[in-house]
Amino acid sequence: MLEKTLLITNETGIHARPAAALVKHAMRFESDIHIHRGGNQYDAKSIMNVMSMGVRQGEEIRLVVKGPDEALAFEELVELIENNFKEA
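Heads up: the sequence shown is residues 1 to 88, going by this note's numbering.
These are computed hints drawn from the structure, not numbers from a lab.
Quick caveat, the model's predicted, so the values are computed rather than measured.
From the three backbone atoms N, C-alpha and C, an ideal C-beta is built for every residue, glycine too.
Some clues are possibly wrong.
For lysine-lysine, the following BS3-like pairs were computed, each having C-alpha atoms within a straight-line distance of at most 25 angstroms [said to hold, decoys possible]:
#, residue 1, residue 2
1, Lys24, Lys86
2, Lys4, Lys66
3, Lys24, Lys45
4, Lys66, Lys24
5, Lys4, Lys86
6, Lys45, Lys4
7, Lys86, Lys45
8, Lys4, Lys24
9, Lys66, Lys45
Ranges between beta-carbon positions, derived for each pair [said to hold, decoys possible]:
#, residue 1, residue 2, range
10, Gly38, Thr9, 14 to 22 angstroms
11, Asn84, Glu3, 26 to 34 angstroms
12, Arg37, Glu87, 14 to 22 angstroms
13, Thr12, Pro68, 31 to 39 angstroms
14, Glu60, Lys86, 15 to 23 angstroms
15, Lys86, Gly58, 25 to 33 angstroms
16, Met27, Asn83, 29 to 37 angstroms
17, Glu30, Gly58, 16 to 24 angstroms
18, Pro68, Ala16, 14 to 22 angstroms
19, Asp43, Leu72, 15 to 23 angstroms
20, Arg17, Glu75, 18 to 26 angstroms
21, Gly67, Glu11, 26 to 34 angstroms
22, Arg37, Glu76, 17 to 25 angstroms
23, Lys24, Glu59, 16 to 24 angstroms
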C-alpha cells in the first residue's frame with residue numbers, strides 16, 4: 001500500500017474537469033484507489049465520489065493506492081495532482 005498527503009494547488013480545486021481527469025486515470029488501474037479527506041474515504045474511480053469531496057485550493061487530501069499495479073498507479077496519480085491536473 002502506498003499513500004501520500006497532497007496539497008491541492010489547482011486554482012479552482014477539484015471541480016468537474018480535474019475530477020474527471022482523476023477518475024479517468026484511476027480507472028486504468030486494477031488497484032484500489034481512495035482519497036481521504038476530513039475523516040471520509042472516497043473511491044477515486046467514482047466521479048460522484050470525487051465530485052462530492054468539494055476540495056478547494058489550499059486543502060490537503062491523502063491518496064491511498066493498494067493493489068497489483070499500485071506503484072504505477074500511485075506515480076501517475078501523484079504526478080497528475082501535483083501538476084494541477086494538467087490544467088493551464
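Are there hints from earlier that the structure breaks, and if so, what are their numbers? Violated hints (numbers, rising): 11, 15, 16, 17 and 18; every other hint is consistent with the structure.
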